[in-house]
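Asks: Got chain A sorted already, so can you dock chain H with the ligand onto it with the hints?
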Amino acid sequence: MPENATRKYKFSWDMLGDLKAGRPNLGPMMRLEVYRLMQYSFRDVIETRHGADEADRIFYEAGFLAGMEFYDNLIGPQEDINNFIKKLQSVLKEMGIGILRVEEADLDNGRITVTVSEDLDCSGLPDTGLELCTFDEGFISALLYGFTGKSFTVKEVDCWCTGDRTCRFAAHVNEA
Amino acid sequence: MDERTASILGQLAAGRIPANIPTDAEYAEQLSRLAAYLDEIQRFTLALSNGDLSRTLSRDAMGPVAGSLKSLHAGLKHLTWQTKQIASGDFSQRVDFMGEFSAAFNGMVANLDESRTELEEAYAHMSEDMEALQRMSAELKESEERFRLIAESVSDVIWTLDASMESFTYVSPSIASLRGFTVEEAKRESFAEALTPESFSFVRDCLTQKLACFRESGDMECFSERIEVEQKCKDGRIIPVEVVISAITTADGNIKEFVGISRDITERKKEEEKLKYRSTHDSMTGLYNRAYFDAELDRITKGRQFPVSFIAADLDGLKRVNDSIGHEAGDRLIKGAATVFRAVFRGSDVVARTGGDEFIIILNETEEQTAINLIDRVRTCLVDYNEKNEGLPVSISLGAATAHCAEEIQYALKEADKLMYEDKVSRKQQRE
Ligand SMILES: [Zn+2]
Numbered sequence: 081m082p083e084n085a086t087r088k089y090k091f092s093w094d095m096l097g098d099l100k101a102g103r104p105n106l107g108p109m110m111r112l113e114v115y116r117l118m119q120y121s122f123r124d125v126i127e128t129r130h131g132a133d134e135a136d137r138i139f140y141e142a143g144f145l146a147g148m149e150f151y152d153n154l155i156g157p158q159e160d161i162n163n164f165i166k167k168l169q170s171v172l173k174e175m176g177i178g179i180l181r182v183e184e185a186d187l188d189n190g191r192i193t194v195t196v197s198e199d200l201d202c203s204g205l206p207d208t209g210l211e212l213c214t215f216d217e218g219f220i221s222a223l224l225y226g227f228t229g230k231s232f233t234v235k236e237v238d239c240w241c242t243g244d245r246t247c248r249f250a251a252h253v254n255e256a
Numbered sequence: 013m014d015e016r017t018a019s020i021l022g023q024l025a026a027g028r029i030p031a032n033i034p035t036d037a038e039y040a041e042q043l044s045r046l047a048a049y050l051d052e053i054q055r056f057t058l059a060l061s062n063g064d065l066s067r068t069l070s071r072d073a074m075g076p077v078a079g080s081l082k083s084l085h086a087g088l089k090h091l092t093w094q095t096k097q098i099a100s101g102d103f104s105q106r107v108d109f110m111g112e113f114s115a116a117f118n119g120m121v122a123n124l125d126e127s128r129t130e131l132e133e134a135y136a137h138m139s140e141d142m143e144a145l146q147r148m149s150a151e152l153k154e155s156e157e158r159f160r161l162i163a164e165s166v167s168d169v170i171w172t173l174d175a176s177m178e179s180f181t182y183v184s185p186s187i188a189s190l191r192g193f194t195v196e197e198a199k200r201e202s203f204a205e206a207l208t209p210e211s212f213s214f215v216r217d218c219l220t221q222k223l224a225c226f227r228e229s230g231d232m233e234c235f236s237e238r239i240e241v242e243q244k245c246k247d248g249r250i251i252p253v254e255v256v257i258s259a260i261t262t263a264d265g266n267i268k269e270f271v272g273i274s275r276d277i278t279e280r281k282k283e284e285e286k287l288k289y290r291s292t293h294d295s296m297t298g299l300y301n302r303a304y305f306d307a308e309l310d311r312i313t314k315g316r317q318f319p320v321s322f323i324a325a326d327l328d329g330l331k332r333v334n335d336s337i338g339h340e341a342g343d344r345l346i347k348g349a350a351t352v353f354r355a356v357f358r359g360s361d362v363v364a365r366t367g368g369d370e371f372i373i374i375l376n377e378t379e380e381q382t383a384i385n386l387i388d389r390v391r392t393c394l395v396d397y398n399e400k401n402e403g404l405p406v407s408i409s410l411g412a413a414t415a416h417c418a419e420e421i422q423y424a425l426k427e428a429d430k431l432m433y434e435d436k437v438s439r440k441q442q443r444e
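The listed protein sequences derive, respectively, from chains A and H. Counting in the numbering used here, the final residue of the first sequence is number 256, and the numbers go up one at a time with none missing. Counting in the numbering used here, the final residue of the second sequence is number 444, and the numbers go up one at a time with none missing.
Looking at chain A on its own, in the form it has when it is part of the complex (with noise of 0.2 Å):
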């Protein structure tokens, strides 16, 4: 970002607004088609003006971001791991953003492998041959480091995109 310039819209949790004053009728829910039309529009010009790999990289840093503010909001301090996974798997559940499972989950490793089937960016997506999902590798990366505390970087090693029916995420601790 430009030196000196201003900022219109830093992101805080309450632009998601008052959706019951604000929604009455219908609801907090839309045609997920939205969601998608909106995130590949933005890709797409971003792309465009950017380049493949720094819209990569601005979906990861966006990603991150959302999760920071998920994990504040929705998930909160944990136990354990398992108390984190499970609030995890049942929030991303209910909020419909899709199915967690963990393959692997060795923190003193600082090794996690997780899935996640029904994945709202990139599930039924048609098979391009390149991992889709980068704004998830961002947001499950500050997920876990508002659980850890440490930062991890996280690749999705499989993709419905690639032609897989679940996308996989591997994420590792970056060595301080």
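Take these hints with a grain of salt, some might be off.
As the list claims (entries may be wrong) - Listed below are the simulated DSS-like cross-link pairs for lysine-lysine, each with C-alpha atoms no more than 25 Å apart in a straight line: (1) A:173 <-> H:96; (2) H:286 <-> H:347; (3) A:166 <-> A:235; (4) H:199 <-> H:153; (5) A:166 <-> H:89; (6) H:246 <-> H:199; (7) H:331 <-> H:440; (8) H:89 <-> A:167; (9) A:235 <-> H:314; (10) H:440 <-> H:426; (11) H:288 <-> H:314; (12) H:96 <-> A:166; (13) H:89 <-> A:173; (14) H:96 <-> A:167; (15) H:244 <-> H:199; (16) H:440 <-> H:347; (17) H:430 <-> H:440; (18) H:314 <-> H:347; (19) H:282 <-> H:244; (20) H:331 <-> H:426; (21) H:268 <-> H:199.
Unchecked claim - Taking beta-carbon pairs under 10 Å as the criterion, some of the chain H residues facing chain A (in silico): (22) 69; (23) 76; (24) 80; (25) 97; (26) 100; (27) 108.
What the hints assert, rightly or not - The calculated label-pair distances, taken between Cβ atoms and stated as ranges, are: (28) A:207 <-> H:135: 52 to 58 Å; (29) A:187 <-> H:77: 33 to 39 Å; (30) H:67 <-> A:89: 44 to 50 Å; (31) H:96 <-> A:152: 25 to 31 Å; (32) H:71 <-> A:89: 21 to 27 Å; (33) H:67 <-> A:205: 25 to 31 Å; (34) A:170 <-> H:126: 21 to 27 Å; (35) A:145 <-> H:14: 54 to 60 Å; (36) H:62 <-> A:209: 53 to 59 Å.
No wet-lab data here; the hints were simulated from the structure. Where is the CB? At the ideal position from N, CA and C, for every residue including glycine.
Replies: Quick look at chain H with the ligand alone, frame taken from chain A:
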């Protein structure tokens, strides 16, 4: 189409990976990629079917076939993780992606959870029981300690004896002051050794009786009676001991142990002896008194050991001496007479002072002639006594009579008295 290409395609279509794809064959590059893809899928599937979840598909293997296998792989890995969670006690894990297996697995986890809950409940109960038991044992210890303190601080000896009446299971330390033994020495003694032989058979009979009473009535009152026994001390003395014996019973009413309290009653016995002596003896002379004489007469009357001779004796001039010289002189005469009687009569003869100046001697199983001889001996002794002792001479009138049966006793007494009186008169006449 190249024949070689057609043959290779045929092998691939049959699921076989061709061993060699000539580089100059038509579509050689595509065929190689297809072969590599099939090879990768085959290796991965083989690993998966062997249960090896560590192998992953290469990044090149894409598309729905590889995707479905990856899904299966991911599902199995998650299932493994879930099973580990369950093993570490998280019974909330449920499988929701494996169809029929999910239901079976979840059922098993639910059962495990239930079993664990039951186990935990059982354990909680057991812990409660355990706590109660520990509390009881602590209380028991406390009461035992209290008992020990009491047992060890009283001067009476408290002991427990096994049900067979053979050996002591506990003896309190005051045994040292009672009999001079240490607790260890006392515990080594058998019950029989702790008592004199007479006392042992007495106590054994006593306990047998009490036990019979208890077995019949179930009443502890059977044991309440005190008994007196004799015990040998370490230094050989024999002391009188009062014992109260009770019993400890088991829940089913059998005797577990006897509990006894022993007390040294030497002093009490001495006092009793003194009292008994006082009540049967004349304090001035130490001879038997009137009360003892009466009791003895009663005994003879009821008995069958005849003949019995009586000697009536009367001190001459006692009243005159008392009045003219004084009681001290009179008392000396009385004591003198007693000394003479003691010298003449046997221990089995009853010499009683029955009045101020009157004595009666009962001679058991003695004929009249012997009695008369004894009167002569008294007279001889009197002369002897008066020669050796200064002051007023002791003079005694005597008369003897014999009863051959109970009916003659009163007559014999009167006769002896009459003869004594005649003796007194005749000797008075002699002096004048
Ligand atoms: Zn994805």
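Asks: Against chain A, run the beta carbon of residue 76 of chain H and see if the smallest gap drops under 10 Å.
Replies: holds, 5 Å
Asks: For the pair supplied as a hint, residue 331 of chain H and residue 440 of chain H, is the alpha-carbon distance within the 25 Å limit?
Replies: Satisfied, since the Cα-Cα distance of roughly 15 Å is no more than 25 Å.
Asks: Once the shortest beta carbon distance from residue 69 of chain H to chain A is found, is it less than 10 Å?
Replies: holds, 8 Å
Asks: What's the verdict on residue 314 of chain H and residue 347 of chain H, does the C-alpha distance respect the 25 Å limit or exceed it?
Replies: Not OK: residue 314 of chain H and residue 347 of chain H at ~32 Å, beyond 25 Å, violated.
Asks: Just to be careful, I want the Cα atoms of residue 89 of chain H and residue 173 of chain A compared with a cutoff of 25 Å; is the pair within it?
Replies: holds, 20 Å
Asks: Just to be careful, I want the Cα atoms of residue 199 of chain H and residue 153 of chain H compared with a cutoff of 25 Å; is the pair within it?
Replies: holds, 23 Å
Asks: Between residue 67 of chain H and residue 205 of chain A, does the C-beta distance stay in 25 to 31 Å?
Replies: holds, 27 Å
Asks: Going straight from one Cα to the other, do residue 96 of chain H and residue 167 of chain A come out at no more than 25 Å?
Replies: At roughly 18 Å apart (the allowed maximum being 25 Å), residue 167 of chain A and residue 96 of chain H satisfy the hint.
Asks: Please check whether residue 170 of chain A and residue 126 of chain H have a Cβ separation lying inside 21 to 27 Å.
Replies: holds, 23 Å
Asks: Checking one constraint from the list: CA of residue 246 of chain H to CA of residue 199 of chain H, max 25 Å. Satisfied?
Replies: holds, 14 Å
Asks: Taking 25 Å as the top limit, are the C-alpha atoms of residue 440 of chain H and residue 347 of chain H close enough?
Replies: holds, 22 Å
Asks: Verify the proposed pairing of residue 286 of chain H with residue 347 of chain H, using a straight-line Cα cut of 25 Å.
Replies: holds, 21 Å
Checked against the numbered hints above, the structure violates hints 9, 18, 32 and 36; every other hint is satisfied.
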